[in-house]
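Novice: In case it helps, the numbering used here puts the sequence shown at residues -4 to 585.
Simulated from the structure, these hints should not be mistaken for lab results. Where hints are given, some of them may not hold.
Unchecked claim - With a straight-line Cα cutoff of 20 Å, these simulated SDA-like cross-link-like pairs (lysine to any residue) come out:
(1) Lys335 - Gly367
(2) Lys280 - Ser327
(3) Lys280 - Glu133
(4) Lys268 - Gly109
(5) Lys328 - Val371
(6) Lys328 - Asn299
(7) Lys308 - Asp423
(8) Lys498 - Lys425
(9) Lys328 - Ser281
(10) Lys425 - Thr576
(11) Lys280 - Leu294
(12) Lys425 - Glu163
(13) Lys268 - Pro305
(14) Lys280 - Lys459
(15) Lys335 - Asn299
(16) Lys425 - Arg344
(17) Lys268 - Arg427
(18) Lys459 - Arg447
(19) Lys498 - Arg573
(20) Lys328 - Phe241
(21) Lys268 - Glu345
(22) Lys420 - Glu345
(23) Lys420 - Ser327
(24) Lys425 - Asp569
(25) Lys498 - Asn421
(26) Lys425 - Thr195
(27) Lys268 - Asp423
(28) Lys308 - Ser281
(29) Lys420 - Asn307
(30) Lys420 - Pro305
(31) Lys425 - Phe575
(32) Lys420 - Glu306
(33) Lys268 - Asn421
(34) Lys498 - Lys420
(35) Lys280 - Phe241
(36) Lys59 - Gly73
(37) Lys425 - Gly362
(38) Lys268 - Arg344
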Amino acid sequence: MALTAGTVALIFCGVLLSPAATAAPDSAPADTGWAANAYRGGVEVVEGPDADQETLDGSVFDDKNRNSVQDNGERGLGGVTVSNGRDITTTDSQGRYELPAFENMTVFATQPRGYQVPVDENNVAQFYYHHLPEGSPELEHGGIAPTGPLPDAVNFPLAQSQLTQSPEQHCLIGGDIQTYTEEEVPYARAGAFADLAERTDYAGCGALFIGDVVGDDPSLYPQTRELTSMLNGPARFLPGNHDLDFDAASSEHSFDSFRANLGPEYYSYDAGKTHVVALNTVEYKSGTPYNGALDERQLEWLRNDIAQVPENKLIVLAAHIPLLDYADQGSSKHQVDQVKEIYQILEGREVIALGGHTHSIENLREGDSMVGWSDVFGVDGLPFTHITAGAISGDWYSGRMLPEGYPLAVQRDGGLPGVLTLDIKNTDVKERFTVRGEDDSLQMALGLNTPRYRGWYAENVDNKGSAPEFTDPLTVSQEDLAGETWLTTNFWMGSTGSTIDVKIDGGDTAEAVRTQQMQGEGQLVGAEWSDPTAVQEQLVHGGSLADRMMHLWRLELPAGLAVGEHTAEVTATDVHGREFTQTLTFEVTE
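Go ahead and model the full structure; you've got the sequences and the hints to work with.
Specialist: Written out as structure tokens, the structure reads:
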């Protein structure tokens, strides 16, 4: 089909589709589920070229008939934010906008509360238009196809949505899918994505996958999109350091294949009283290692974006490389150089920051501090909550294979693979981690750290993946009880303000002690600070080593416990007052 001036086309992830491909859905589908009723469509591109190649204009409109075309009678929506990735404007009363144009920009609309952007057949949100007239330079994985000159208009359709109007939202956050090969894709499918296919609570806020979507192979993006077709809500992505076009000659094109398949490097959207900001915190220049940073253009955009957000909204700031984290607390590469500037931009706001990258789970609260944050970044205490969301891949799909069809993949902090959910009511947030294949009741791992375990650890710490099994891990001799034996509780979403209470054999309650106080100290590393349950998997079956973490509690067992079987009832209480109880049975021998 030939496209002429005035021809209307739709853009799906940078692919131009003919109008014939956009028939309107039935007005009253019988099925009430997401699959039948999702608002499917794309951005409306009115072909030009525009006589003015210095300015892009268009409209944001209420797509009443949900056909992605602004038909007669479909009103424009005023006050909607539109950006070119640097400048920000809001639509006028007729829904019109204008923005300066420049090469290799991505123009996007910020979804407002009470409306939803369309999604494609794989549930990937469609709210952007790439402008790269000649296309990407030659890249192994294609990059962005030539877009030609500026079109006559780029119009952003929105559909009214009670899902995003509701003050109660459930924002799903998935870290590090990170499939390196086609053989690893089924692990993700049988794991977290099968779980998400059974959930229906995130249709408003949707799912945000926070980087390392693939493992250094952009040819796997189509398989990732097939995974998101399983979701019951919109999918959005931000880039990680394993999502790069490594053959790009300049940083300007280092995420072109990501952009072509999944969307902008950074953007924002609203659901309920929550404003979600997705950042690109990966700086990559050809021939040099990546670094955690934002360039000046993105910082300028962030300042402008936050300036548009009413002060009564919650801001969720998501990135791949975390602003700050425990796992790499002394590393500049694995945290964000501009963290203090970002804090200044967000000063006085209600904020929660999210990160991935470390393949660990961390719930860092306001006031927490580490020596590395102070020494490297000059930050003496966190101004608001920072959560590292864990990884869908866990420890890079390592470890023994489970009957469910995926590896156990215990992470470097002893946590298990899974997804984070932010349960939000108005601006009140409660974080929830769901372990792959489990319900929300599983929140911790219990074990025994005995002198015998520490001896086995010392003998095998350099033999990850080939160590002999540690026999009878829940057995302790009376002699070892006298030599410091701890009951360990790895409470994965535990934080400052959490407590661990233990009853041995139904007796009095004793409070366990957190190993990391998060009061400006460094990391405590080694066998005595490790999670024995995790380490016994990792040294025998391979993977990282859970020899440090910020969510471990220990209770020294009484030296006088009698020979025989004993029980420890452990109740973990999180910072929100929610209680989780597990029982460990262990044996004392002569």
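Novice: State for each hint whether it applies.
Specialist: A quick look at each hint next to the structure:
Under the criterion of a C-alpha separation no larger than 20 Å, the hint pairing Lys335 with Gly367 is consistent with the structure, at around 14 Å. Taking the CA atoms of Lys280 and Ser327, the gap is about 16 Å. The hint holds against a cut of 20 Å. A threshold of 20 Å between alpha carbons decides the hint, and for Lys280 with Glu133 the separation of about 17 Å falls inside it, so the pair holds. With a C-alpha separation of about 10 Å, the suggested pair Lys268 and Gly109 falls inside the 20 Å cut-off, and the hint holds.
Distance hint between Lys328 and Val371 is fulfilled; the C-alpha atoms sit about 10 Å from each other, no more than 20 Å. This hinted pair does not check out: Lys328 and Asn299 have alpha carbons roughly 26 Å apart, beyond 20 Å. Between Lys308 and Asp423 the alpha-carbon distance is near 10 Å, which keeps this suggested pair within the 20 Å criterion. This hinted pair does not check out: Lys498 and Lys425 have alpha carbons roughly 27 Å apart, beyond 20 Å.
The hinted pair formed by Lys328 and Ser281 meets the criterion: a straight-line CA distance of about 16 Å does not exceed 20 Å. A distance of roughly 19 Å separates the Cα atoms of Lys425 and Thr576; the hinted pair therefore holds under the 20 Å criterion. Using a Cα cut-off of 20 Å, the hinted pair Lys280 and Leu294 holds, with the two alpha carbons roughly 18 Å apart. For the hint pairing Lys425 with Glu163, the CA-to-CA distance comes to about 11 Å; that is within 20 Å, so the pair holds.
Between Lys268 and Pro305 the CA atoms are separated by roughly 10 Å; this keeps the pair inside 20 Å, and the hint holds. A C-alpha spacing of about 34 Å is found between Lys280 and Lys459, which places the hinted pair above 20 Å, so the restraint is violated. For the given pair, Lys335 sits about 17 Å from Asn299 by alpha-carbon distance, which is consistent with the 20 Å threshold. Our distance criterion of 20 Å between C-alpha atoms is met by Lys425 and Arg344, whose separation comes to about 17 Å.
For the proposed pair Lys268 and Arg427, the alpha carbon gap of about 19 Å is at most 20 Å, so the pair holds. Simply put, Lys459 and Arg447 have alpha-carbon atoms about 18 Å apart, close enough for the 20 Å limit, and the pair holds. Of the pairs offered as hints, the one joining Lys498 and Arg573 holds, with about 18 Å between alpha carbons and a cut-off of 20 Å not exceeded. For the hint pairing Lys328 with Phe241, the CA-to-CA distance comes to about 18 Å; that is within 20 Å, so the pair holds.
At most 20 Å may separate the alpha-carbon atoms for a hinted pair to count; Lys268 and Glu345 meet this at roughly 11 Å. At roughly 14 Å between alpha-carbon atoms, Lys420 and Glu345 fall within 20 Å of each other, so this suggested pair holds. For the given pair, Lys420 sits about 35 Å from Ser327 by alpha-carbon distance, which is inconsistent with the 20 Å threshold. Between Lys425 and Asp569, the direct Cα distance comes to roughly 10 Å. Compliance with the 20 Å bound is thereby established for this hinted pair.
Among the hinted pairs, Lys498 with Asn421 is inconsistent with the structure: their alpha-carbon atoms are about 37 Å apart, more than 20 Å. For a cut-off of 20 Å, the pair hint linking Lys425 to Thr195 stands: about 18 Å separates their Cα positions. Only pairs whose Cα atoms come within 20 Å are accepted, and Lys268 paired with Asp423 is accepted, the gap being roughly 10 Å. A distance of roughly 39 Å separates the Cα atoms of Lys308 and Ser281; the hinted pair therefore is violated under the 20 Å criterion.
Among the hinted pairs, Lys420 with Asn307 is consistent with the structure: their alpha-carbon atoms are about 13 Å apart, no more than 20 Å. At roughly 17 Å between alpha-carbon atoms, Lys420 and Pro305 fall within 20 Å of each other, so this suggested pair holds. Taking the CA atoms of Lys425 and Phe575, the gap is near 15 Å; set against the 20 Å cutoff, the hint holds. With a CA separation close to 16 Å, the supplied pair Lys420 and Glu306 stays within the 20 Å bound.
Annotation: proposed proximity of Lys268 to Asn421 holds, straight-line Cα distance about 6 Å (limit 20 Å). A threshold of 20 Å between alpha carbons decides the hint, and for Lys498 with Lys420 the separation of about 34 Å lies outside it, so the pair is violated. Between the alpha carbons of Lys280 and Phe241 the distance comes to roughly 9 Å, so the proposed pair stays at or under 20 Å and holds. At most 20 Å may separate the alpha-carbon atoms for a hinted pair to count; Lys59 and Gly73 meet this at roughly 16 Å.
At most 20 Å may separate the alpha-carbon atoms for a hinted pair to count; Lys425 and Gly362 meet this at roughly 18 Å. Restraint check: the Cα-Cα separation between Lys268 and Arg344 comes to about 13 Å, which is no more than 20 Å; the hinted pair holds.
The structure fails hints 6, 8, 14, 23, 25, 28 and 34 (numbered hints given earlier, in ascending order).
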